[in-house]
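Asks: Next come the chains, spelled out residue by residue.
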Amino acid sequence: MKAWLIVLLLIFQGVTNADCLTRGTGDMGIIIERASGSVLVIDTSAHKILSRIEGLGDLSHASAVYSRDERYAYVFGRDGGLTKIDILCGKLVKRVVQGGNSIGGAISQDGSLIAVSNYVPGGVKVFSSADLSLVADIPATKTDKGKGSKTVGLVDAPGQKFVFALYDTGETWILDMKHPAKPVLTKFTDTGRLPYDGLITPDGRYYINGLFGEDGLALLDLWHPEKGLHRILDHYGKGEQQLPVYKMPHLEGWAVAGNQAFLPAVGHHEVLVVNTKSWKESGRVPVYGQPVFVMARPDGRQLWVNFAFPNNDTVQIIDSETLKVIKTLKTGKGTLHMEFTPRGEEVWISVRDKDEIQIYDTESMTLKKRLKAQKPSGIFFTDRAHRTGL
Amino acid sequence: MLPAHAVGTLKPEFLNLSLGMIRVGLTILMASIFASCHTASAHAELVSDRQAELLYLLKHDCGSCHGMRLEGGLGPALTSSRLQPQSVETLAMTILQGRPGTPMPPWHPFMSEEEAKWLASQLKKGITP
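Residue numbers (this note's numbering), protein chains in the order written: chain A, 247 to 636; chain B, 17 to 145.
Same shape as in the complex, but just chain A (with noise of 0.2 Å):
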């Protein structure tokens, strides 16, 4: 009797800790673990880890996009892995290893498919949001040595579109899933040399490419199609000496206030301002180091940039207005990712040295709590999933 007792105790256990929170997801995200292949569940509200899903793989360059429901999030891992996790139950739905060698990627429009961009093999494969099973592989161009091209900056698009980049072959593809047994492709041979990534504006229309083997950014027009690239900033960096890259800049996100977007310039201490209706060159900031990351305060009153190694301790925050840095923040090492609340009253940081998060308030700049979490690096909060190109 006693020994039923516990069975039925120990079941009754079972059957809770495999329950699920019961809330609204809005304000919780996730946290990649980049050195352990784990992921926290944060709560945006209450400052809190909710849980660690652990074995996404190798996350040492990982992304994730949400379901449109907010739900279920999907990682990208370096190692190839495509991995589902629930973030109401705290677990892993489904894992695929798909590729060789991924970089990121894109979820469709309306929410039904997953496309991953592969360094090996080069090229895009587009999986069921549902159960991950695959539905269109798009090999890309092969290189002189017989490889598939890189394929980096994959963003979705308006009308069930994926655009990406070759970088090894340098050209810009439009993948149409509309009828996902006949993907259609679109293909820009001209985009330049080494496109290292991708953006696209959060209305959905330009597709901008950076460059590494050349000074400037392709931009594609994606209501005019036809009338192919073209080269903005092309005089960007001309006669100067570029610096070494110890890390290629994000392109992740679109730094817009007004009509000025912000962009990391490749080789300098310098953030670009382009002016988005002429696309000219409108200014540029000196700043501590080469900008990974250049990020927008939801309101555009303010952009945090972070650097490569080795200024990777200091986050700096412009003021879009006056375009001068207002403050310079000591992070500390390993100072990896960015990312703001829905409505931007606060940012949080990863700090990978330290193990932690930092949590900033941004009207005042100053440090509001830091959570422990192990190596961070990206982090992801759900309103992404109704955002455009994130």
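In case anyone wonders, no lab produced these hints; they're calculated from the structure. Watch out, some of these pointers could steer you wrong.
Claimed, not checked - Using C-beta positions, here's what the derived DEER-type ranges look like:
no.: 1; chain 1: A; residue 1: R439; chain 2: B; residue 2: S128; range: 29 to 37 Å
no.: 2; chain 1: A; residue 1: S610; chain 2: B; residue 2: K141; range: 45 to 53 Å
no.: 3; chain 1: A; residue 1: R633; chain 2: B; residue 2: S96; range: 37 to 45 Å
no.: 4; chain 1: B; residue 1: K141; chain 2: A; residue 2: D467; range: 46 to 54 Å
no.: 5; chain 1: A; residue 1: G392; chain 2: B; residue 2: S96; range: 19 to 27 Å
no.: 6; chain 1: A; residue 1: V343; chain 2: B; residue 2: K141; range: 23 to 31 Å
no.: 7; chain 1: B; residue 1: D65; chain 2: A; residue 2: G590; range: 39 to 47 Å
no.: 8; chain 1: B; residue 1: P92; chain 2: A; residue 2: P471; range: 28 to 36 Å
no.: 9; chain 1: A; residue 1: D315; chain 2: B; residue 2: S128; range: 52 to 60 Å
no.: 10; chain 1: A; residue 1: D565; chain 2: B; residue 2: P125; range: 28 to 36 Å
no.: 11; chain 1: A; residue 1: E472; chain 2: B; residue 2: R98; range: 42 to 50 Å
no.: 12; chain 1: B; residue 1: Q102; chain 2: A; residue 2: G392; range: 17 to 25 Å
As the list claims (entries may be wrong) - BS3-like, lysine-lysine: derived pairs with alpha carbons at most 30 Å apart:
no.: 13; chain 1: B; residue 1: K141; chain 2: A; residue 2: K391
no.: 14; chain 1: A; residue 1: K330; chain 2: A; residue 2: K600
no.: 15; chain 1: A; residue 1: K393; chain 2: B; residue 2: K141
no.: 16; chain 1: B; residue 1: K140; chain 2: A; residue 2: K391
no.: 17; chain 1: A; residue 1: K579; chain 2: B; residue 2: K141
no.: 18; chain 1: A; residue 1: K579; chain 2: A; residue 2: K615
no.: 19; chain 1: A; residue 1: K579; chain 2: A; residue 2: K614
no.: 20; chain 1: A; residue 1: K330; chain 2: A; residue 2: K618
no.: 21; chain 1: A; residue 1: K433; chain 2: A; residue 2: K526
no.: 22; chain 1: A; residue 1: K579; chain 2: A; residue 2: K600
no.: 23; chain 1: A; residue 1: K424; chain 2: A; residue 2: K388
no.: 24; chain 1: B; residue 1: K140; chain 2: A; residue 2: K393
no.: 25; chain 1: A; residue 1: K579; chain 2: B; residue 2: K140
no.: 26; chain 1: A; residue 1: K391; chain 2: A; residue 2: K433
no.: 27; chain 1: A; residue 1: K573; chain 2: A; residue 2: K615
no.: 28; chain 1: A; residue 1: K615; chain 2: A; residue 2: K294
no.: 29; chain 1: A; residue 1: K614; chain 2: A; residue 2: K570
no.: 30; chain 1: A; residue 1: K424; chain 2: A; residue 2: K393
It should be emphasised that the depicted structure is a prediction, and the values quoted were computed from it without experimental measurement. Virtual Cβ for every residue (Gly too), placed ideally from N, Cα, C.
Assemble chain B onto chain A, guided by the hints.
Replies: Frame of chain A, contents of chain B only:
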């Protein structure tokens, strides 16, 4: 209101944290054992702390392009088999001078020639930092 299990899920986290600390401790210990084995060799001037620093740099900063497991990313894999055809000297030169025309930057501002050679020899042996 959080369900009761939310508190429960925190427990493994603390366990992981302490495991993480043990792991870090072990890494340091192993690095120092490794270092002490090495003090007798040609790289005697490299103290164990510096070796640990270099391995950390390899894992996290080189790792941002070559992958934290050195299996490749934007930059090629740095596995033992792939590096076999190259001498320690050539590899050290690549580390120090970078590779013009590619994103590989020169690391000479951050390490000496001896240190680059030590790192190159570790890579050829096939380490997982």
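Asks: May I ask which of the numbered hints given earlier this structure violates, with the numbers listed in increasing order?
Replies: none
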